[in-house]
Structure formats: structure tokens, C-alpha cells
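Protein chains: 2
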Amino acid sequence: MKKYNIAILGATGAVGQEMLTVLVEQNFPINELRLLASKRSAGKKVLFNQTEYTIQEANRDAFEGMDIVLGAVENDLAEKLLPHAVLAGALVIDNSSAFRLDETVPLVVPEVNPLDIMTHKGIISNPNCATIIALVAINKLHEYAHANSLVVSTYQAVSGAGNPGIHELETQVSQVMNKEEVTSSTFPYQIAFNIIPQIGGFDENGYSSEEMKMQNEGRKILHHPDLKVTCTCVRIPVYRSHSESISISFDKEIDVAKARELLANAEGVKVMDDPNNQVYPMPLDTTNQDLVYVGRIRKDLARDDNKSLTLWCCGDQVRKGAATNAVQIAIKYIELNK
Amino acid sequence: MKKYNIAILGATGAVGQEMLTVLVEQNFPINELRLLASKRSAGKKVLFNQTEYTIQEANRDAFEGMDIVLGAVENDLAEKLLPHAVLAGALVIDNSSAFRLDETVPLVVPEVNPLDIMTHKGIISNPNCATIIALVAINKLHEYAHANSLVVSTYQAVSGAGNPGIHELETQVSQVMNKEEVTSSTFPYQIAFNIIPQIGGFDENGYSSEEMKMQNEGRKILHHPDLKVTCTCVRIPVYRSHSESISISFDKEIDVAKARELLANAEGVKVMDDPNNQVYPMPLDTTNQDLVYVGRIRKDLARDDNKSLTLWCCGDQVRKGAATNAVQIAIKYIELNK
Chain H
2 MKKYNIAILG
12 ATGAVGQEML
22 TVLVEQNFPI
32 NELRLLASKR
42 SAGKKVLFNQ
52 TEYTIQEANR
62 DAFEGMDIVL
72 GAVENDLAEK
82 LLPHAVLAGA
92 LVIDNSSAFR
102 LDETVPLVVP
112 EVNPLDIMTH
122 KGIISNPNCA
132 TIIALVAINK
142 LHEYAHANSL
152 VVSTYQAVSG
162 AGNPGIHELE
172 TQVSQVMNKE
182 EVTSSTFPYQ
192 IAFNIIPQIG
202 GFDENGYSSE
212 EMKMQNEGRK
222 ILHHPDLKVT
232 CTCVRIPVYR
242 SHSESISISF
252 DKEIDVAKAR
262 ELLANAEGVK
272 VMDDPNNQVY
282 PMPLDTTNQD
292 LVYVGRIRKD
302 LARDDNKSLT
312 LWCCGDQVRK
322 GAATNAVQIA
332 IKYIELNK
Chain V
2 MKKYNIAILG
12 ATGAVGQEML
22 TVLVEQNFPI
32 NELRLLASKR
42 SAGKKVLFNQ
52 TEYTIQEANR
62 DAFEGMDIVL
72 GAVENDLAEK
82 LLPHAVLAGA
92 LVIDNSSAFR
102 LDETVPLVVP
112 EVNPLDIMTH
122 KGIISNPNCA
132 TIIALVAINK
142 LHEYAHANSL
152 VVSTYQAVSG
162 AGNPGIHELE
172 TQVSQVMNKE
182 EVTSSTFPYQ
192 IAFNIIPQIG
202 GFDENGYSSE
212 EMKMQNEGRK
222 ILHHPDLKVT
232 CTCVRIPVYR
242 SHSESISISF
252 DKEIDVAKAR
262 ELLANAEGVK
272 VMDDPNNQVY
282 PMPLDTTNQD
292 LVYVGRIRKD
302 LARDDNKSLT
312 LWCCGDQVRK
322 GAATNAVQIA
332 IKYIELNK
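Chains as they are written, first to last, in the numbering used here: chain H, 2 to 339; chain V, 2 to 339.
Next comes chain H alone, as it looks inside the complex (with noise of 0.2 Å):
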């Protein structure tokens, strides 16, 4: 079986750091591990698969004989750094938001458009963590029955912002219980028993960057340029695992016994759909899963045309989010070539 060189950009992050955890998991067949990071980290040691890493020097000259390089840093370090990693030669899997809606980058969820894959030209980008979720919940209803527009509102957990946003809640929570002044760097207010409606700046049209991806980003994975998305992305005191609110309109009638059939079929997906017995998905329950959690499946009673459904989704955005798609990413590009 052939082995791969591995290159993970920005290794010591919250993203990166679970890469490494789901290389492992996935048993993916590694040659060399290559952990790159920021000037400050390197030198450092990291324990990987009982094996003693060093963490090198992210440049552009550190991807040099590479195959397959996964990007876990932000938009501004993945367009100086990751151009260099395509020029030698490596295929890039991208989870910044920098290339995601470049016409000539393939934007894949394993799931949903993995042929997408083959059309890459050096770089497959990671779409964002809130879409993917959403997309694996809603792509089987999708294929079914045509959706036409989605309305969403999101639960979003603080470690979607990385370890810094992990922390935070952490000290504003102690903050908080022992009456001292709460602090606040990472996210724009006090984020400990509060939330906040803005992830991202703001577009002209009073849009969040967060809530534009799931449009701009769900119509390309789709393939379907008319999917119109009205989405609000909040922020909220939970550790890890984003939970999405969706009422999904479609072009043909389709019903929740149906939904449930179809759900209970789809790669990607856990049914959790009891409540009458208290089942149904939570970010607890749904944290360090690689899996998307869907439940409270019902008709859309705002609207009465039988074609038309709400429904609960939670799935770990660093996970299925992030890292777990990247390297699902990886491994389906291996099948597709060999």
C-alpha cells in the first residue's frame, strides 16, 4: 500500500491538533509527518501515534517533497504560504475560507460532491464548518426532493473561534462566579451566559460573512446556483459542537416519514429523532463525533404545501467541521486515484 509524506499547516492550533488526532483514527497511511506552525511554536516537541514529533517552521520552502497538505491556519497565512506547497508539487486541502469560492477550487464535502474532487488544479478547499453541517444533514432531502431555500438560524460553539475562543468562556465563566470584572479579547462581547448575533463582519445586505458561506458556499457544493439561503449565525456559551435550526422548501412534495427513511440511509448522518422519549441531538452528546446528529424532523407548519420541513441538526465543527472532513477529503482523493 502506498504511504504519503503529510504536511499539517498551523499543526498547534484547535483545527490542526484534531487532524492529527483523526490521521490516527482513520489509520491513514502516512511516509513522513511534516507539523508545521508559526516561528514561536517551532522546536516544540508533539507526541503523534507514539512517535515524537518536532514541530518545524511554516515557509514557503518547508514543502518540499510533500504529497498532500493539509491547511488548518487563516485566510491571510493560506494565500502567502499554501501556493508554495502547490508549486511543489503537494495536493492542498484548505480549510481557511481564502480559496473556497475560487472558480478553478473544487469546495467538497466527501458526502455530498466528492467527484468534485477530481477537478482540482492544486488546492480543495474546506467548506465552512456551519455549511458542511448543514449540507451533510440536508443533502439526502436535497437529492430527493429539490430544495429551493433554507432558513436557518445557528447555535454556534466558542471553539468554532479556535482555542482562544475555548479559553475565553473558560476565564469569563470563572469571572463570572467570582464576581470579578469579565474580560473580553476573542469575541466582540462577554460571551459567558450570553450570546452574541454576529460571527464574521458584515456585508452590505446586514449579513455576517458566517451567514453569506452558507449561501454562497452551500450553492456551489451543490451545484445549485439558485439556492437561496436567509441565515443567522450566533454565537453561544457552549465548548464544541454547532447546532443549526433549518426549515428546508422544496420543489417536490416530500413528507417526515420520508425525511427519516431517507436520513436513516445517508452516509454522514445519526438519526436522533424520538422526543417524546427525550431523543434528539445536543452539542454534548454530538461532541468529538464525526458524525451529523439530526432529530426534531417535522413539517414546516409556516408553510402548507406538503413540500416543505423543519428540522435539528448538531455536529462537531472541529471534527466533521473541520478536520474530519479534511482528512476525509484526503482519503477519497486516494480511492479516486488509484
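Each hint can be trusted.
The list cannot tell twin chains apart, which means a pair is met if one copy fits it or any two copies do.
Quick list of in silico lysine to aspartate or glutamate cross-link-like pairs, EDC-like style, CA-CA up to 16 Å:
(1) LYS4 with GLU336
(2) LYS300 with ASP204
(3) LYS300 with GLU205
(4) LYS3 with GLU336
(5) LYS229 with ASP305
(6) LYS4 with GLU33
(7) LYS333 with ASP117
If you're looking for bench data, these hints aren't it; they were derived computationally from the structure.
Chain H is fixed; fit chain V onto it per the hints.
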């Protein structure tokens, strides 16, 4: 000026306590104030407006001589006791859901349907908290463009479950911080650092009782039996103030500028809508406030007909969602009967 004999049934609960606060703030014309609670609380002393009151036992004979009775107990007790308050000649303003959908009982939000007060037969019901907040937010938009459907997702504070809800979040946060086992009794699962997509029991259609209130009470208050509502109600780890993401479809065209203008002049509403300067409603800012805060007003991108808006609102559900609304009904009742 006439002064009134007022009783509060459930004076030791979260809503009953807040009713006391609001009566003082509103300088309500009180002659006798009678504080009623369970046998267990009877005899306890309460300080109100610099006067000490003794809690009396709530029973069928406790309402004699009262002009107005504010009900702040659960349905079973409301059903058992409040008809006796009516028989004793009092006007009952009840916060439970026991009588809300009775044909002979007006369901009132003073900013929305004040004149319904005049149709009372002894009981006026105070609507569900999330419903009050949504209706105050959208009422002027509905008057202008006539709403036909709502898609609502809520973010509801633990104090919606009264003082036990507050206590449970505090206790669980301590348990998590101290790495102790987390215990739940008020909520079906851990609420600290988690969210629960269940408030109330479930109907056969898969909606929770709290979710159906938004449609059924909304229809009654707006005198709009055809209003279509899909709602997802979610409990979140915030102490106080409910938040709601609402997409509204109207019969007539309405744009964002018109909506802002209407809401700027709407009774009971404060517009906080300058997202580029990080101005939007949040639970922390709206706690202990009587107004409903509205922001993130934008075109609903899920529809392309210029007849649809998406917005975000927050309101203190113990105050405007319960105690304040009840006291405002009493004040409006006095005004209308002058």
C-alpha cells in the same frame, strides 16, 4: 385617584417577585397588597416598598375584597384557585397557560391588542413569554404589510423555568468547574455548556407545546387565524432574557428602511441595529429591561419577492415576557375603565 386592592398568587416565585418590583417601579395605585403563596411559605415576611408584608396561604377564600389578582402559578393551581378570585369579584390577570386559548378569555399584549381587555369575563390571560417578545417585535411590521407566515428559532434563558432553572445552571456550572458529576432535575439534560431543543412536551405533529404557543397564541392576539408559524424552541445556558431569530413573510412589500422607521416608532420596542458598529440586541444587555430590543433587520434572502424580512430580537422574559406585561394589562385596564 382610586387605589386598588391587589393580590399576587405565587408571590414567592420568580414571576411573582418580579411583579412586586414592577408594581413599585410603575407606581401602581395600591390600597391593600396581599401576597399569596403555598402553605409552606405562609407566615414568611417580605419587604415591599419599604413596608413588611406577611405571606398568606393561597386558598379559595384568599381573594375576598380584592380588585385585581395577578396569577403567577402553574396551570394546575391556576385552574383550581383563580375561578374563586373571579367569583370573589376580582379581575384576574393570569400568567399561566391554563385559560389562554379559552374563547371567553382575552389574551393581551398591551402594545398589540389593548382593546381586547374590554371583552373580559373576569380573566385576562398573559401570553407565553417568547410569544409576547416576538409579537411586540413584529406588530408594527404586521400592521403595515400584513404577515402571513413566521419562521422562528428561539434561544431561551433558564429563568424561563423559574428560580429552579437559575439554580440548576449555577449548580451545574460549579459542578463542571470542579469536575464533579453533573446532576439535572429541572431540565431533562445538562444545560451548562449545552443546549436542549425541548421546552414543554411534544404534540403528535412533532412540535413542542412551547413551539405551538407561538402559532396558536400569536393567531389569537393578532386576530389572524390564518397566520402560519414554524417554531423551534431551544433552552440555552443564559440566565435571563430570551432571544429569537425571526423570518417573516408579508402579503405586501416592505423594505429594511421602512421596517426600521416603523420599529423606531413602535411602542415597547427599542431598535439596536448597527451591526458594523457591533450594535445588536444581546441577552445580557436586555436583562431587567421592559422593552423588546430589535436588530439585525435585513431582507430575507430565502425569498426574492421584497415581501420578507429576517430580524433578531431579545427581551427579558421574566419582565416583558411575564410580570411587566401583566402589570401593563392592569394599568391599561384601569385607563380603559376610567
